[in-house]
Amino acid sequence: MAQEREVLLMKGNEAIAHAAIRCGCDGYFGYPITPQSEVLETLAELKPWETTGMVVVQAESEVASINMLYGGGGTGKRVMTSSSSPGVALMQEGIAYMAGAEVPGLIVNVQRGGPGLGTIQPSQSDYYQATRGGGNGDYHVIVLAPNSVQEMADFVDLGFELAFRYRNPAMILSDGVIGQMMEKVVLPPQKPRRTDEEIYAECPWASNGHGLKTRGPQVITSLELDPAVMEQRNLHLQAKYKQVEENEVRFESTGCEDAEYAIVAFGSASRIAQKAIETLRNNGTKVGLFRPITLWPFPKKAIHDLAQRVKGILVVEINAGMMVYDVENAAEHCVPIRQFGRLGGIVPDPDEIVEAMEQLKQVCCK
Amino acid sequence: MLTREEIIQPQNLVAEKPALMNNVDMHYCPGCSHGVVHKLVAEVIAEMGLEEKTIGISPVGCAVFAYRYIDIDWQEAAHGRAPALATACKRLWPDRLVFTYQGDGDLACIGTAETIHALNRGENITIIFINNAIYGMTGGQMAPTTLLGMKTATCPYGRDPRLHGYPLKITEIAAQLEGTAYVTRQSVHSVAAIRKCKKAIRHAFENSMQGKGSNLVEVVSTCNSGWKMNPVKANEWMEEHMFDYYHVGDLKDTEVIR
Ligand SMILES: Cc1ncc(C[n+]2csc(CCOP(=O)(O)OP(=O)(O)O)c2C)c(N)n1
Ligand code: SF4
Ligand SMILES: [Mg+2]
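Protein chains in written order, with my numbering: chain A, 1 to 366; chain B, 1 to 258.
This is chain A alone, in the form it adopts within the complex:
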């Protein structure tokens, strides 16, 4: 037990791999891409198939790995994949099928800059793709945004819990900074993989042959040709998403109580913003940090309330301005809102954020 609380030093990507084994993941399917290849490499090194029985497969493409997820998740197993932006773009077909057929599974996106092949340097420019569904049809993926190696480890189990609770794909939206940086981490305790009997009990909808004669066949499909029935299926999905929005919003608010201004940032941008806030506070500006942890469902209400209390909001994200629209929408334009971001794999500097805040203050004082 004492050993399990051990503090280790490792990369975010490595923490994902260790956490997967420890939280009873049944299968990992992935294809190499920078900056996340350490996930598959670490799993290959740890050989969990000899200990927990977890399956690890290097697939022929991200198209294949996400469809392996669809197949494995459809049998009720805890399955995951990881990739980076161009690979996650290829996965959108499979993610839409999983959402349509209500198949749970966990996808990790360690984002890099784009568009296209782009750069291997970090970015947060897959925000739209992750939070708007990304593939075809009306659907949502539950999106968790870690800002530390510790959260990389913790969100694996949380991602699986949410995916199974709502029978929906869940995503950890990370980036090259969090994936590559080394930090202290306490790994979750080792939990056993569920037994077949436990899977049958937890996932009566799963398609794995068991109990067919008493329960009739189970079919995992997103297809329905009758539009009236298909509309009902869509309405069912929408009702489910509403439940997720009501129950699963997560965020962290630091120093917002006395704040005159707020910075809204997620993932690695929130870490840099934290540094900028130290400088701003030392210079006498009371700034708080609001960090969405779930990007979908988005913490609309909390941001709405925050906007009533502050003079202005600065949204910091490593893209050209994506989450800022969700913040504006939540704040209902009641205070000035500005966005600051860097592109192409360049990570913002805390001083640049301080400067952006000074500009926002001028707008607010006018």
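It should be emphasised that the hints constitute simulated quantities derived from the structure, not laboratory data. Misleading hints may appear alongside valid ones.
Cut-off 25 Å, straight-line C-alpha distance, at most; resulting in silico cross-link-like pairs (BS3-like, lysine-lysine) [what the hints assert, rightly or not]: (1) K198/B <-> K47/A; (2) K198/B <-> K17/B; (3) K151/B <-> K39/B; (4) K228/B <-> K151/B; (5) K53/B <-> K213/A; (6) K169/B <-> K196/B; (7) K17/B <-> K213/A; (8) K39/B <-> K196/B; (9) K39/B <-> K213/A; (10) K39/B <-> K17/B; (11) K311/A <-> K301/A; (12) K228/B <-> K212/B.
Use these hints to put chain B with the ligands onto chain A, whose structure you have.
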């Protein structure tokens, strides 16, 4: 004259509906090969007693609704991706019978990568491959397997190798892969052929259960609607033209070689 009741006696039974075939109308065109192959798959699963241990993966193509007809657990894959789903199902449930059922567009065009790599990894699955040389479901467009000179909606003047390349013999490629245990090409146009095809499916399923490697059963088939022929003519045309290019028989059987 014998009465109906006198005729319908167990000792007079010649053939019966496979226990695993559901009592629903099929959407397949009369004369289509899909229905016959479904029946064989259903019979073999029941004969092997694997009803509660089978996961079928249906394709995108005319067989998309295979799950309505055979009374087992199914997953409906995206177009071409069935072997990827099957890979995960079998790896995660090694004691299950996992098979895919795919058309030529699904398997040999959009899903070529998934097909070749699942077979090459030696996944212990069976792929049932319905080669009707056309895209049946979408209304008869050219498939990778369409014969030279054959007319389809997207090659209305006949398949021309300078424009469209050559018909793909993916089963021959599969036979070259180290991961495959059994690769065969069958047909279901006659009673004798149907019997052989059923044996092939059984052999492939047994290999899958015994962990011998990947198995591919191609069935050279008719699509009388897509070919714009009546069922009888379609069978004749298949024997005359398809068998010339797609030779029927076993291409590889590691059992036999050993
Ligand atoms: C990604 C994607 N592209 C295209 C289609 C349209 N589509 C449906 S079935 C099909 C061809 C099926 O042909 P085949 O696999 O030969 O099966 P058959 O109907 O002949 O049995 C196509 C192109 C689709 N459903 N999904
Ligand atoms: S279109 Fe062709 S493949 Fe499809 S059901 Fe009709 S005959 Fe069979
Ligand atoms: Mg076809």
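Hint-by-hint comparison with the structure:
Restraint check for K198/B and K47/A: not satisfied, since their Cα atoms lie roughly 40 Å apart, outside the 25 Å limit. Distance hint between K198/B and K17/B is fulfilled; the C-alpha atoms sit about 15 Å from each other, no more than 25 Å. With a CA separation close to 30 Å, the supplied pair K151/B and K39/B exceeds the 25 Å bound. About 10 Å separates the Cα atoms of K228/B and K151/B, which keeps this hinted pair within 25 Å; it holds.
Of the pairs offered as hints, the one joining K53/B and K213/A holds, with about 11 Å between alpha carbons and a cut-off of 25 Å not exceeded. For the hint pairing K169/B with K196/B, the CA-to-CA distance comes to about 21 Å; that is within 25 Å, so the pair holds. Of the pairs offered as hints, the one joining K17/B and K213/A holds, with about 18 Å between alpha carbons and a cut-off of 25 Å not exceeded. Taking the CA atoms of K39/B and K196/B, the gap is about 14 Å. The hint holds against a cut of 25 Å.
This hinted pair checks out: K39/B and K213/A have alpha carbons roughly 19 Å apart, not beyond 25 Å. With a CA separation close to 8 Å, the supplied pair K39/B and K17/B stays within the 25 Å bound. In summary, the hint linking K311/A to K301/A is supported, as the alpha carbons are separated by about 17 Å, within the 25 Å threshold. Distance restraint check for K228/B and K212/B: the Cα-Cα separation of roughly 41 Å exceeds the 25 Å cut-off, and the hinted pair is therefore not satisfied.
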